[in-house]
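Student: Chains A, B and C, in that order, are what the protein sequence lines are. Going by our numbering, the first sequence opens with residue 136, and the numbers climb by one from there. Going by our numbering, the second sequence opens with residue 149, and the numbers climb by one from there. Going by our numbering, the third sequence opens with residue 511, and the numbers climb by one from there.
Think of the hints as simulated: they come from the structure by calculation, not from any bench. Ideal Cβ placement from N, Cα and C applies to all residues, glycine included. Don't take each hint at face value.
[Unchecked claim] Beyond 12 Å from chain C on every Cβ pair, some chain A residues (computed):
no., residue
1, F186
2, I262
3, L295
4, Q305
5, N375
6, K409
7, E471
8, V476
9, K522
[Said to hold, decoys possible] With a straight-line Cα cutoff of 25 Å, these simulated DSS-like cross-link-like pairs (lysine-lysine) come out:
no., chain 1, residue 1, chain 2, residue 2
10, A, K158, C, K713
11, B, K308, C, K578
12, A, K306, C, K638
13, A, K357, B, K621
14, A, K412, C, K633
15, C, K578, A, K306
16, C, K578, B, K415
17, A, K415, C, K808
18, A, K408, C, K808
19, B, K216, C, K763
20, A, K175, A, K291
21, C, K635, A, K158
22, C, K583, A, K306
23, A, K281, A, K158
24, A, K374, B, K621
25, A, K457, B, K621
26, A, K457, B, K415
27, B, K621, B, K374
28, C, K583, C, K763
29, A, K306, C, K713
30, C, K633, A, K281
31, C, K721, A, K306
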Amino acid sequence: MASKSKGAPNKTKSGGFFGSIGKFFSNFVKRFVDGSIGTKLSHFIFGAGNFYHKQYAKGALFLIMQVAILAFMILCPTINGTPYGYKALLNLPLKNVSEGGEFDPATGDFSAGSDCKLMILFGFVTIAVIVIYFIIWNKNIESSYKADMDRKVGKKPTTLREDVETLFDQKFHITMLTPTCIAALVLTVLPTVFMIALAFTTYNSQDMNDLGTNLFHWNGVKNFASVFTGEGTLGVEIKNRFLPVLGWTFIWAIFATLTCYFGGIILALLINKKGLKGKKIFRTIFILTIAVPQFISLLAVRNLLGEYGPVNTVLQSIGLIKEPIGFLGLHAQDSELLAKVMVILVNMWVGIPYTMLMTTGILMNIPADLYEAARVDGASTTKMFFKITLPYVIFITTPYLISSFVGNMNSFNAIFLLTGGGPAYQGYAAGGTDLLVTWLYKVTIDQGWYNTGAVIGIFTFLITATITLVTYRRSKAYNEEDTFQ
Amino acid sequence: MKRLIVFLLAIAMIAVPLVGCGGGNEGGNDAGAKDDGLIRVWVGEESAEFYQKTCDEYVAAHPEFGYKIEVKGMDTGSIAGTITNDPTAAADIYTVAHDNIGKLASTQCAKPITDETLIAQVLADNPESFRKVIYSNLNGTTYLYGVPYISQALFLYYNKSMVTEEQAKSFEGLREAAAAAGTKAITVTGDDGFNMSFALLAQRVSDHGTSVKIYEGADPASGGSKGESNCQGDDTVAIYRWLQAFAADPNGFKWASSDGWDADLDKSNLGVLAVIGGAWHYNTAKAALGETNLGIALIPTFTLTAESVEGLSGVSAGEVYRGGSFADCKCFMINAYSAASKYAKEQELIMYLSSKDVQNASYLECMNVPAYVGAADFIKQCYDQGKVTESQYNLAAMQVSMAEWGIPQPFVTGTLNTYYYSKNAPAVLRAIVDKTSFPTSGDIIIPETTSLEGIRKALYLVEYLWMHGVAPKDFPASLPDKA
Amino acid sequence: MSNNLRPMKIKSQSRNRRVSLGITYTILIVLSIIWLIPLVWIVLSAFRCEYQADGTFIGRVTSNFFPKAYGFKNFSDLFSATYYGVPNAFPRWMLNTLIIAAIDCVISTFLVLSVAYCMSKLKFKLRKPFMNIAMIIGLFPSFMSMIAIYFLLKSVGLTGNPAHPEYSIIGLILAYSAGSGLGFQIAKGFFDVIPNALVESAKLDGCSNFKIFRKIILPLAKPIIIYQALMSFTGPWMDFIFAKVIIGADNPKYWTVSVGLYSLLFGTHPDTNLFTQFAAGCVIVAIPIVTLFMFLQKYYVEGVTAGAVKG
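Only chain A is shown next, with the shape it has when bound in the complex:
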């Protein structure tokens, strides 16, 4: 819904980006000069042109929107003592902040200091509202100008009813996408932008504690510099723990993806073996781990593997071990390697059924004549598996491999519920089995080191985005997206 998308004669792709911007502005001049008095007025009062053309409903809608936004900008509604509107824009540089703390014992009046995080958040919301204001402004002029043109050629300006009708036909995509766009803009894009912005601030509960203040300020790119110098809470944590965590995240993602992938294919082959009875029962048993919420199933596994759990008890009673083993690195002195192996193994328990389900359908679709031909050539079952089945399945499921690799990089539950990121590294938030995503959780939600979390989040994003884009752009699904249909 970029603002340049209208401009009636803009169909040709010629002008390029700057060309279309130039056109966009020349359009304004043209509309102002050529337009009727209504169109001219529309530049100042929304909907004036529509009223001029007797499109009252439409005009009223524009006017209401202008009044609402201007009211929002001028009245500055205040939440938690932090204003929206023009005041939010003034607050955005975080210069004009108050320490607060004035207290009047007689009345109980207490004034708290500025809330910098809300100042930033509300500043961004206000900017978004301003952008929307100008989009509506443009639409309102456009609407009036089109009515002018319609008049000129002797047509009646379109009624609201006709407009609504096109929204269900030629412009159906707008109707369909609008709810998602608005919801995603407000509750996904804006919060994400806000959190990215925190990477450029000193918003870190530890540092603020050290300085004895509630306030924080913009910090430019110093946070990124301190990743290399190791200064401050952020620097110490990221400098010493980023590479180990990143490395383990990759190792984990590779092992988790491959073990579940091949495990799933093998399981699917076993279950779909010709002549095997009770296929459905077996499949149902394995699907259980998908259907049961992970905080239940993984927690059960964690307790089974506990120091007094059945596994350790059995191992001790048959004399294999003397002292119970800390499988999951829940103590600082437990083995990190063992914890890593265990999470990969337990993850197979969760992940294999998923691939199994998926490959079942694909296996059934392998053209039978491929096998027939191979059989005529006297190929063995093993050979057929490696020469036909596996290549076919891999070919079909490459996109899945990629998405599950990225999915595993962000596999929060498996780590959080099993090891909690342990064994802990004293002095750091990130433990031995922490992935980037669980690290991010600990740093922001547990510790309140928001700038550190934002920096980690940006790094995580850059890595996953690179992997996804590179592989996705090369994949058939992307390149042949249109030819497929």
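Following the hints, complete the assembly by docking chains B and C onto the known chain A.
Tutor: Same frame as chain A, but now just chains B and C:
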């Protein structure tokens, strides 16, 4: 042009509601929330019902009070975090452990208490140790912030079927019982600074003597002086050497398992025979051992061995110490964002809820151990009258007695004490017990704590963290014994 | 291959086959047992009803896999208990979750289908950019935005609102369904398979795009509708982190069941003696979800496969 519906929706969603609810909250930070005729109170989860009932009765008996009261039960461990995350959504009156007072006051989540009669009641009822730690500082002025109403301290739970009452009196006795049972003697409920305080805060049995000082002489109110701290006296070093030996003993100390300390204590697992814990562990301990098997006692004594005092001048072998404890109190506090018009009534309500009568009633109904001076008499009286069971009596009595062997977690100037936790002092103490070196976060590395020198350096690090909130840049050339 | 060898080979092949079938059965049964053990253990714990000699109930984790006594005590306690000062909290949490899941299911499914349809069957200028943006946004870890979402919802009174704590349920529904439209890829993959010719011919007949969507696409899309509905319905039953931040730690009455159950066991001063009650709660939560999965397995597989193959 045909997209106007789109924008109608967009604006309806974004702008209109904002404008709509803007009016009510206008007025900036000064007014806080508006006065809706309701006072909201957050207390510990276990006593929510009791306080709701008590408040309702109070409102019924005092029609002129004029406010309705709504009590909610909260997870007491995370309550301070919830409040600092969004104080505007927190209750008008909330309750926290006293060591959060500094943090809540300095982050402007709490409002001072100024009512003269309430202050008089607080000063009259509470022991000196509590009176020292409920003040904080606001822009240079000292105010009372917290009103104590529950006391909390660590004591000993033990397995009566394996340990005699006599054995439970000393670590040596527990070890003897553990050797007979082929298991470990004792564990703690967690390796954090609070649960590990028994060693650092141990006191000589003969005269309650210890060289450990934390912010001693500090005026917690003034914000200026940090007082004096000392964690590396010869006695403390000797105690940690003794604990190292006790932890290395096959029948000595162990850390709680990852299944929880209760799995260790469990009758069928028999991982340990005793555990140092608090009143809030009672239900779990009871489930692990059964009520009749559950013994409750003071944290035991231990005798310094010749090895542990070797090379130290300030202590002698054979000296008997008793494990100490942070003896904390939970306090009522007023939310800074609560409407000013409620201020007087809030203080009136706190005055009632922290009165001796309500504290007593909360002991009988929720096993909250009262904080006021002389609560022990009331507890004894209840037991004599058969109002509480023996273990319920023991629980409270031991906790009250342990208060004599402990100090409240001290704090000065806002957040300084929180560094003790956030800058890993407890992990350093744990490293000493485990005889490992301490891998710090790039700040400073202490050597293996097997040597006298190593232990002293580690304890110096802890002391420094208490005092300065950061690790030292380097160790002094020689660490003097301040004892 | 000479003629006289052939019967021999068939015979040995069938014996081989029987042996290999036997091996397959063995492997599958062993695997099934491994897969079932943890789940069975939770169910057993839910029905465990053990007491100490003096009558103290043992609700904590114990090392014996099989309980020494069975009963329904955990279930009856669970339903009548007061948690966090909320009387009968568990049924309340179940109800909250049901409401949230049901509404979220409708909204999310609608959003996903509408976006997927646009991306697959309508041609418009910003289609590719939209798809790329959606994918990029999806790559940001969602924890990053939780705090901001809380304060945005708070701005409009939909959470952290002491006067109307129940509004936070609406807030959570919005938070759950807001981003759902961006996860359209699987449904798009499904729509892509529907021949364009079908759409074109309807257009020639003068059908509007809306009519095509309603009369042609939707009836064909039943499997993917069910898949999406299943996914968005089960989501709220499984999430124990996002919901707690949005609804608020101080608002236990309006928690979802997974937040409630998780907090029971992992509060800061947890009462570990509630483990068997936790297990009972898990069984009750798992039953409807597992049942749904079992009944809708076919559609689930279809959705998973569509997603996997199309990426």
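Student: Could you run down the list of hints and mark each one as holding or not?
Tutor: Evaluated hints:
no., hint, result
1, F186, "holds, 30 Å"
2, I262, "holds, 14 Å"
3, L295, "holds, 17 Å"
4, Q305, "violated, 7 Å"
5, N375, "holds, 21 Å"
6, K409, "violated, 8 Å"
7, E471, "holds, 23 Å"
8, V476, "holds, 16 Å"
9, K522, "holds, 19 Å"
10, A:K158 to C:K713, "violated, 33 Å"
11, B:K308 to C:K578, "holds, 23 Å"
12, A:K306 to C:K638, "holds, 17 Å"
13, A:K357 to B:K621, "holds, 23 Å"
14, A:K412 to C:K633, "violated, 48 Å"
15, C:K578 to A:K306, "violated, 67 Å"
16, C:K578 to B:K415, "holds, 15 Å"
17, A:K415 to C:K808, "holds, 11 Å"
18, A:K408 to C:K808, "holds, 19 Å"
19, B:K216 to C:K763, "holds, 19 Å"
20, A:K175 to A:K291, "holds, 20 Å"
21, C:K635 to A:K158, "holds, 17 Å"
22, C:K583 to A:K306, "violated, 60 Å"
23, A:K281 to A:K158, "holds, 17 Å"
24, A:K374 to B:K621, "holds, 19 Å"
25, A:K457 to B:K621, "violated, 43 Å"
26, A:K457 to B:K415, "holds, 20 Å"
27, B:K621 to B:K374, "holds, 20 Å"
28, C:K583 to C:K763, "holds, 23 Å"
29, A:K306 to C:K713, "holds, 14 Å"
30, C:K633 to A:K281, "holds, 24 Å"
31, C:K721 to A:K306, "holds, 13 Å"
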